[in-house]
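Number of protein chains: 2
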Amino acid sequence: MLVVQKFGGTSVGDLDRIDNVANIVKSYKERGDDVVVVVSAMAGETNKLLDYANHFSKTPPQREVDLLVSSGERVTSALLSIALQSKGIPAIALTGRQAGIKTTSDHTKARIMDIDPEKMQKHLKEGKVVIVAGFQGINENGDVTTLGRGGSDLTAVAIAGALKADKCEIYTDVDGIYTTDPRIEPKAKKIDVISYDEMLELASLGAKVMQSRSVELAKKLNVDIEVKSSFKPEIKGTLITKESKDMEKVLVSGIALDKNQARVSIFGVDDRPGISAEIFEKLANKNINVDMIVQNVGKDGKANLTFTVPQTEVELTKEVLKEYENNTENIEYDTDIAKVSVVGVGMKSHSGVAAKAFKTLANENINILMISTSEIKISMVIDEKYGELAVRALHKAYELDK
Amino acid sequence: MLVVQKFGGTSVGDLDRIDNVANIVKSYKERGDDVVVVVSAMAGETNKLLDYANHFSKTPPQREVDLLVSSGERVTSALLSIALQSKGIPAIALTGRQAGIKTTSDHTKARIMDIDPEKMQKHLKEGKVVIVAGFQGINENGDVTTLGRGGSDLTAVAIAGALKADKCEIYTDVDGIYTTDPRIEPKAKKIDVISYDEMLELASLGAKVMQSRSVELAKKLNVDIEVKSSFKPEIKGTLITKESKDMEKVLVSGIALDKNQARVSIFGVDDRPGISAEIFEKLANKNINVDMIVQNVGKDGKANLTFTVPQTEVELTKEVLKEYENNTENIEYDTDIAKVSVVGVGMKSHSGVAAKAFKTLANENINILMISTSEIKISMVIDEKYGELAVRALHKAYELDK
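Chains as they are written, first to last, in full-length UniProt numbering: chain Z, 1 to 402; chain S, 1 to 402.
Careful: at least some of the hints might be erroneous.
Note that the list lumps identical chains together, so a pair holds whenever it fits in one copy or between two copies.
No farther apart than 20 angstroms at their CA atoms in a straight line, the calculated lysine to aspartate or glutamate pairs in the DMTMM-like style are these [to be verified]: (1) K26 - D116; (2) K208 - E140; (3) K119 - E140; (4) K402 - D246; (5) K48 - D14; (6) K58 - D19; (7) K359 - E323; (8) K87 - D51; (9) K302 - E329; (10) K282 - E323; (11) K119 - D34; (12) K58 - D16.
FYI, nobody ran anything at the bench for these hints, they're computed from the structure. Computed from a predicted structure; not experimentally measured.
Extracted from the complex, chain Z is given alone in its bound form (with noise of 0.2 angstroms):
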């Protein structure tokens, strides 16, 4: 079996764990797998490196931050390969360039273009452990790239790709992906096997396991992603994978909740075609990231439109929707709003699961503000102080802790 394997920044934060980490290593290539690693550095470098670089400015040249905090995961790629080859396990270490990763030339967030698997196939013919580098490529300049956060679990889903490889198995310091956030519902259950899609709701609702990036990736690329704890290799982990026919029957799989979303309300639009578009389109203009709309007629020709934004994004959009001030009755902006989503690919083939969903939060007296749903989510903006109680109360109505 050929397998991926990313260890994230805690999994080789210091070098016992690094060497914790050569032993996951060891244990696969000795029952007959051929390996990958990705690595990325050690925890707390790629933040040190950027502290020295803003000592100097606060806009540093993006070219060179990516010379500097490439050699993070470098560094922690050579120790991982002298430790495996201390134990005896033939191993060696590239650079993004030397693993052919190719890049577009976005200094500091690039996309990887192409992987050129050749050498890598070269040393696994060789019997060697491949490590690479990650969260790093190189751009047609032939300099040095950086993916962006959640880089390196890029890097690990496509050189899976590229490779055909098995699986990608991602160790974090958590075990798997949880029916909710643990700290909210202690009774959260570790999720066996989740679709690509529903991971992607519950990533972008703030699952923050995975990126969405890099899921986004694997369901393009059909790689089978397991995500594990490096502090307990030996506890199967969370798989995620194509959806199937047998993961219907789970009714819902997660509860997720976002509490730095912030909620857009605009009074008495005029109500004819275009306007929505209109307002949208500048908000994109500005990069600012709309999640749910809503609109309804209100009298007179008038309609309302209600979004929701991310809390970092609220000034700017201020900024934006300055201009309808006057033609519009009234704008208003809530922060203290929570977004509550149910997630489940049983959705799909079961019906009630909304109502349900309605039931319980009107059980605990909480007022519903916003409604918007998919084939497999049901997002519910509340208020912000019900937050925690109503992802209880949904965790248990779903059946999720049993």
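We have chain Z; now place chain S onto it with these hints.
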């Protein structure tokens, strides 16, 4: 003027020191020079990374060690580029690979084979300060190599040669080469100009500012080197350049002391042709660095052979000479010796320089155990405890304190 500047570990030891370097470079750029800067790793970084490697193995694989330690210079080069750009000076950081530095494959001690200056020239033409990560290049496999001790000096000299730079400035924590070690003789004076050959004699004899290999390369490529202090950049340093008639006016340039040698004496060697050659060939095969050699004929057709080796190689020398124990009278090893050397191109055209050295030591009642001379150097082996006294006496005798 095109200047190559090299800044060592203490000169880039922290963010404030890097800022200081940026100001030095900026002052050159602003007066109209083109500047290429070669940087070392921040002081302590390389050793820290080597300690990491040694945590896993006493003999870590050298290819991975090179990948590991080369990251130190990359970090400094990126930071200096950021610092310069933040001061409004266009700059670009290049890795050894990007600077076109091709080396042999000998990891951790590679030699520079070739430099392709095209990329550096392109950026210089665009008005940028080119910053190169020192100490590193790539081999024919595309793997990162490092150049060993003094590698960044070597990078700077080689680049100065490849670009036909007007000057190569080596910035360090002393402001030049001194007539002798100021810790031994406080009256030691900074030398203004010194020839390559004199510097080579001084370097190999214990003046640790410049490694011999960098001076040798400078001589070969005809690169003028100025050794300066990054702490006092306004002060003129020592110029190392090709020998000129002018230099011969100065009788003696400096006095060097080397206390790390040991004396090996073989008594009663058969006085037949080839026996010395045989012994020295065997020592050379073990990479033992034999320095001074004296041979004289004793009685009964037997010769006495005396030579010096580094103290660290005494044990290995003993092993090699074991086979001669039975067919010689005696083999003695003495580590309590010091080698004092008087260096100066002036001796070529002046007589009596050696006689003055012998007389000076005699006046101090210091017995000379061995003598060896070259065109520009007189070396004398004496009892170790008289080393400093001899240096001070010679320094005075040749009026180096004037």
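Structure-based check of each hint:
1. Taking the shortest Cα distances, K26 and D116 never come within 20 angstroms of each other, neither inside one copy (26 angstroms) nor across copies (41 angstroms).
2. Taking the shortest Cα distances, K208 and E140 never come within 20 angstroms of each other, neither inside one copy (32 angstroms) nor across copies (43 angstroms).
3. In this assembly of identical chains, the alpha carbons of K119 and E140 lie at most 20 angstroms apart whether taken from the same copy (19 angstroms) or from different copies (15 angstroms).
4. Taking identical chains as interchangeable, the C-alpha atoms of K402 and D246 lie at most 20 angstroms apart only when both belong to the same chain, with a minimum of 18 angstroms there against 95 angstroms between chains.
5. For a Cα distance limit of 20 angstroms, the shortest separation of K48 from D14 qualifies both inside one copy, at 15 angstroms, and across copies, at 13 angstroms.
6. Taking CA atoms no more than 20 angstroms apart as the test, K58 paired with D19 passes between copies only; the shortest distance there is 15 angstroms, against 36 angstroms inside one copy.
7. Taking identical chains as interchangeable, the C-alpha atoms of K359 and E323 are never at most 20 angstroms apart, the minima being 40 angstroms within one chain and 97 angstroms between chains.
8. For a Cα distance limit of 20 angstroms, the shortest separation of K87 from D51 across copies, 18 angstroms, qualifies, whereas the shortest one inside one copy, 35 angstroms, does not.
9. Proximity of K302 and E329 under a CA criterion of 20 angstroms is satisfied intra-copy only: 9 angstroms inside one chain copy versus 117 angstroms between copies.
10. When the C-alpha separation of K282 and E323 is checked against a cutoff of 20 angstroms, the pair qualifies only within one copy, where the shortest distance is 11 angstroms, while the shortest distance between copies is 90 angstroms.
11. Only within a single protomer do K119 and D34 lie at most 20 angstroms apart by alpha-carbon distance; the minimum there is 15 angstroms, versus 39 angstroms between protomers.
12. Within a single copy, K58 and D16 get their C-alpha atoms only as close as 35 angstroms, which misses the 20 angstroms cut-off; across copies the closest is 16 angstroms, which meets it.
In terms of the numbered hints stated before, the structure departs from hints 1, 2 and 7, listed from lowest to highest.
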